[in-house]
Amino acid sequence: MVDELEARFAANHALLVAARDRLQAAVDTDTASKQDRTRLDTVNDFLRPVLTAQVDASGNVVPVQQYRRFWSVDPEGQGRAVEVLGELSSARNVALLVPGMGNSLETFGGQADRGEAIRHEAGPGTAVIVWLDYDSPQGIPAAMSKAPALEAAPRLASFVDGLDAVKLPSAKVTMVGHSYGTEVVGQALLNGASPDRVVMTGSPGIDKHVDQATDLVAPPTRLYVERAPGDYVAYTQWHGPDPADFPDAIRMATADPFAGDEAVSVHWHNEYYRTNSESLRNVGRVVRGDLAHISRTDTTPMQETRLAWGPGLRGLSGAAAKVYAGVAAVGRPSRSAAAQHAADGARETGSSDGARVSTGSVHSQRPEGPQR
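Numbering-wise (our numbering), the sequence shown opens with residue 1 and increments by one.
In case anyone wonders, no lab produced these hints; they're calculated from the structure. Fair warning: this is a prediction, and the values are worked out from it, not measured in the lab. Incorrect hints may have been included.
Said to hold, decoys possible - Computed beta-carbon distance windows for the label pairs:
id : residue 1 : residue 2 : range
1  : A57       : H120      : 22 to 30 angstroms
2  : P219      : R155      : 21 to 29 angstroms
3  : A142      : P49       : 33 to 41 angstroms
4  : D41       : R8        : 41 to 49 angstroms
5  : G59       : K34       : 49 to 57 angstroms
6  : D290      : S33       : 31 to 39 angstroms
Where is the CB? At the ideal position from N, CA and C, for every residue including glycine.
Work the whole structure out from these sequences, hints included.
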């Protein structure tokens with residue numbers, strides 16, 4: 001198992017070396033485009049060794065440089081990559097992070113940083129896989145289409161099930177989707193993916209027919225959802241009902257009401273994975289199976305925004321739905337088919353769902369960047 005993983009990592013490292021040499025040759029002969037030069041910078045970054053901690057024969061933790069470990073990588077066009085963070089073959093908990101819109105090979109580094117934040121929050125024995133093996137929609141008009149998610153879903157479902165061959169039999173797998181990535185995760189679940197737990201943050205919805213967690217997963221697998229105050233993407237419900245409103249989903253808090261002035265605020269759409277935030281802590285709790293200590297909230301969009309445009313953005317969902325309601329309808333599972341897929345594939349996981357309830361405050365703040 002370990003040898004197979006190392007061989008895969010080595011093969012993709014060699015692929016990146018070949019891409020670097022090709023791009024560098026184009027630069028040296030002055031035939032490189034601006035895009036080629038940007039991609040060369042990205043590939044060089046992928047090839048740069050990273051510092052990691054390992055335990056030596058005497059039990060001492062020592063810093064070691066190693067190459068980044070890519071499960072797969074495609075340096076052509078928009079680019080795709082799947083990177084493994086941590087020791088996948090020996091991990092007790094595995095998180096699979098699926099980014100949303102506005103991502104490409106050039107933004108992958110930021111998603112890898114997000115994956116590292118999850119890994120460190122979940123604690124020792126955790127590996128994170130950053131899965132950008134699909135054509136992320138570039139911009140809001142493209143993200144209003146379900147086509148990229150429908151194209152990615154079977155491949156992601158197959159990837160999740162294929163992890164059984166490389167992870168410990170007892171390791172728990174948590175799928176973590178953000179923004180449009182929740183649509184990709186949701187469609188993968190409808191295509192039979194069978195993780196142990198599922199986390200969705202800032203979701204624009206999955207499908208107009210999906211309005212409860214059991215449409216996606218069968219008990220005892222649970223769906224954990226976060227919606228931050230002012231998250232305009234979640235309020236629009238572009239792709240269907242907001243999972244944060246599912247009656248059988250576990251709605252996690254993004255703010256700690258007991259932190260006072262020490263609290264790290266999480267607002268709008270792109271701050272769910274801020275270090276030391278209650279939002280990231282709750283994601284870490286799910287990944288490591290510390291489900292009894294998850295903090296919850298039940299705030300409404302009006303309470304979250306305190307702005308008149310809160311319900312106004314809700315109204316936009318109807319207009320958006322008309323744009324993509326018929327996109328790639330052929331082959332889209334019905335609710336009964338979705339439930340059957342989930343029932344066939346879900347694994348058992350023992351957990352306690354007790355949690356404290358909290359409500360968050362709201363502060364106006366500009367969202368960060370286009371990447372989701």
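For each hint, the structure was consulted:
As the Cβ distance of A57 to H120 is approximately 25 angstroms, the hint placing it in 22 to 30 angstroms holds. Distance hint for P219 and R155: a CB-CB separation of about 27 angstroms, consistent with the stated range 21 to 29 angstroms. Here the CB-CB span from A142 to P49 is close to 35 angstroms, well matched to the stated 33 to 41 angstroms. Under the hint 41 to 49 angstroms, the C-beta atoms of D41 and R8, about 25 angstroms apart, miss the expected range.
At roughly 50 angstroms, the beta-carbon separation of G59 and K34 lies within the given 49 to 57 angstroms, and the hint holds. Hint check: D290 to S33, Cβ distance near 49 angstroms, so the stated range 31 to 39 angstroms is violated.
Hints 4, 6, counting from the list given before, are not met by this structure.
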